[in-house]
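Grab the two chains, each in its own frame, and use the hints to assemble them into the complex.
These protein sequence lines are chains W and S, in that order.
Count along the first sequence starting at 1, add 17, and that's the number in this note's numbering.
Count along the second sequence starting at 1, add 287, and that's the number in this note's numbering.
It should be emphasised that the hints constitute simulated quantities derived from the structure, not laboratory data.
Values in this document were obtained by computation on a predicted structure and should not be read as measured data.
Ideal Cβ placement from N, Cα and C applies to all residues, glycine included.
Mixed in with the good hints there might be a few duds.
[What the hints assert, rightly or not] Derived lysine to any residue pairs resembling SDA-like cross-links, with alpha carbons at most 25 Å apart:
1) S:K493 to W:L36
2) W:K76 to W:D38
3) S:K493 to W:T40
[Said to hold, decoys possible] Restraint ranges, calculated between C-beta atoms of paired labels, are given here:
4) W:G74 to S:E321: 58 to 66 Å
5) S:E554 to W:D58: 14 to 22 Å
6) S:L354 to W:G74: 56 to 64 Å
7) W:K76 to S:E321: 48 to 56 Å
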Amino acid sequence: MPDPLISRLKTLIVTTLKLEDVTPAQMADDEPLIGSGLNLDSIDALELVVTLEKEFGIKISSSEESRTALASIAHLAEFIRARADPARLPR
Amino acid sequence: MNAGAPDSNIAPVRNPGPGWGFRFLCACDAVLPEWLFRPLRRLGTAAAIAKMHAQRANSRAYLAVVLEREPTLREIFRHFFAFEEFMMLRLRVARGLPHRGELAPDAAGFRELLASGEPALLGTFHFGHSDLTGFLIGPQERRRVFMVRQHRENSHDTEILGAHFAQWVSFIWVNEPANLLFALKEAVATGGSVAMKCDRLGFSAKTEAFQFLGARRIFPFTIYHLALIFRRPVILSVGLPAGPGHSTIHCSPLFRPDDAGKAANLERARAHFQEFLTRIEGWLHADPTLWFNFTPLNPPAP
Numbered sequence: 018m019p020d021p022l023i024s025r026l027k028t029l030i031v032t033t034l035k036l037e038d039v040t041p042a043q044m045a046d047d048e049p050l051i052g053s054g055l056n057l058d059s060i061d062a063l064e065l066v067v068t069l070e071k072e073f074g075i076k077i078s079s080s081e082e083s084r085t086a087l088a089s090i091a092h093l094a095e096f097i098r099a100r101a102d103p104a105r106l107p108r
Numbered sequence: 288m289n290a291g292a293p294d295s296n297i298a299p300v301r302n303p304g305p306g307w308g309f310r311f312l313c314a315c316d317a318v319l320p321e322w323l324f325r326p327l328r329r330l331g332t333a334a335a336i337a338k339m340h341a342q343r344a345n346s347r348a349y350l351a352v353v354l355e356r357e358p359t360l361r362e363i364f365r366h367f368f369a370f371e372e373f374m375m376l377r378l379r380v381a382r383g384l385p386h387r388g389e390l391a392p393d394a395a396g397f398r399e400l401l402a403s404g405e406p407a408l409l410g411t412f413h414f415g416h417s418d419l420t421g422f423l424i425g426p427q428e429r430r431r432v433f434m435v436r437q438h439r440e441n442s443h444d445t446e447i448l449g450a451h452f453a454q455w456v457s458f459i460w461v462n463e464p465a466n467l468l469f470a471l472k473e474a475v476a477t478g479g480s481v482a483m484k485c486d487r488l489g490f491s492a493k494t495e496a497f498q499f500l501g502a503r504r505i506f507p508f509t510i511y512h513l514a515l516i517f518r519r520p521v522i523l524s525v526g527l528p529a530g531p532g533h534s535t536i537h538c539s540p541l542f543r544p545d546d547a548g549k550a551a552n553l554e555r556a557r558a559h560f561q562e563f564l565t566r567i568e569g570w571l572h573a574d575p576t577l578w579f580n581f582t583p584l585n586p587p588a589p
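With the rest of the complex left out, here is chain S (with noise of 0.2 Å):
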């Protein structure tokens, strides 16, 4: 499914890297042992904290808000090798290597809405595992799952997953916000779950302010008016890795719209988000690394 036309011309390059980046990955994965290709990602991961200034900058001042002081150079090079490991992990389950997703012992609300057959708004964030889950939970549990997700001319990653994962797994491509909300619309039309990200500002209409590292900052809030609109229910999920082959899935609470009127629903909603970001919160001081948030941090509410 296409809301928009995928023109690189158009999307913001967040994570830039040049579009041969994951095929070249993907080459030396295939020829060079680990003992060595490892190393060798190391080194790419200095050249590239070397080279992109602008991610440097936000994973430093993310760093030093979560860390509450000036990270060193050691931690923003562990914060760019996770992000870096994690897109590795992304091209080898592409290629097929067995990795499972977990549910975690408190995931009733997945359990629930697994159980129930329900198509639901996955609501999740650049954070650990997350981007694997939906590509995990789709077959492990046979069900059909819409990605909402943004082309980019290095979208290789996403493509050969999505190949991968075909039979469960559906991208809703999107450059242009109206589009994006249309595509949405047909996907829940089909009886799909839609899933989408939580933490980026970019293509959300609604936005609200919440209690988030120190500050109240902006996050996207579309997805709870996506769930009013479409009488759907709404969870959030992360998911952490778990060692070799496994992540661990952990999630909130079902949101369900009822029937108490706009205001009250989204009141609901409201301190829905907030308890899953104040459990993110937590994660992240145990381990900063996990939000790979290269981008400006969520700014303060004016």
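Here chain W stands alone, though its shape is the one from the complex (with noise of 0.2 Å):
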């Protein structure tokens, strides 16, 4: 049974980019968001952060936070389940 807030940030991340070439089902959980991996860029990653604020109810107020939770669609799970409200987490 997939994690359905792993699956949340998946397709959160797909639809909030526009990424043409991937879909959710193809991202692994542990694979580097920033720099290798889906190769995003400091906008991109802005964009994001941005979109998950508003999706969460949380804040990411520095680059250096955003490099943690950005590490991977794990470590971006594990951020926002530590942070955010669970009523505003998918089950």
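Written out as structure tokens, the structure is:
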């Protein structure tokens, strides 16, 4: 049974960043998001951060924090679980 | 606001001069009469041309493109001296010299923005009096403006301007691109307008090619991506000298992100930027010294 938060994050990443050559199903949980892996640049990262903040009511306020959060989808899920109101998380 | 430590070891030197240079000019300006100080500044400019080989070569290369011939040494001198005189004006405005920025009759976009009170992303260029426009608009229109600046050893001119206009202008000092974006996010969240330069590639995460000075050249395009992310309008502006104590501010129409989707918005953004670049090119053909471009000209697209 896939983790609903991880599934939601994969869909959000693909739709927010309009990724054309990758589907949510193709994304590995431990794939790096920045630099290698999906090869997102800093503007992509910012766009993703703004979307995540709206979706989950969290705050990511520095590049260090975003680097930690966006290290991989699994890291991102862990980061959001630790900060978001559980009512906003997908079940 | 500080996006990255102001570390002159990291920052590439663009318009190098001694760290004490601006302080020296301020001191001379305070004690020397203009009839004596101006010829001394011309001598200083000549010395700078002799000493700054890279900047001289870049000025020559840029002027050759605009003029479509090799520039004379006199034309290179005029280019350097125009920059020096603008630096002097900045220092004088910072010390309280009255100076007003008047909106050009065609600056409808800026008027609309000022009337609405809406925060915006202000794109500007190393061109004419543009560097002063944020300082002038802030207090004149009572708008809080954040300016993105790279910290260098010789940032004294910017620092004293910032101190003089501190009520309306804040800086986002940046030496690291990733930090810049988060500092911008914070500035936008506080409801301020953010001014950033759109002609040098240094810290731009997104670039695109535009027709400029006879070639498709690479320009920063980050401002439009930020507009889409934060749903803020973009306005491009430049300040032109308009006689003693005045600058005229020319600007583009407002670019507003709409709900048409990212690709359609970026397509409109490209047309918006190209239109303003074409206007800048027109001004440069009339007076090539307006663009303070002592770095390599924006490279042609591969």
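Now for the hints, and whether the structure bears them out:
| no. | hint | in the structure |
| --- | --- | --- |
| 1 | S:K493 to W:L36 | holds, 16 Å |
| 2 | W:K76 to W:D38 | violated, 29 Å |
| 3 | S:K493 to W:T40 | holds, 24 Å |
| 4 | W:G74 to S:E321: 58 to 66 Å | holds, 60 Å |
| 5 | S:E554 to W:D58: 14 to 22 Å | holds, 20 Å |
| 6 | S:L354 to W:G74: 56 to 64 Å | holds, 57 Å |
| 7 | W:K76 to S:E321: 48 to 56 Å | holds, 53 Å |
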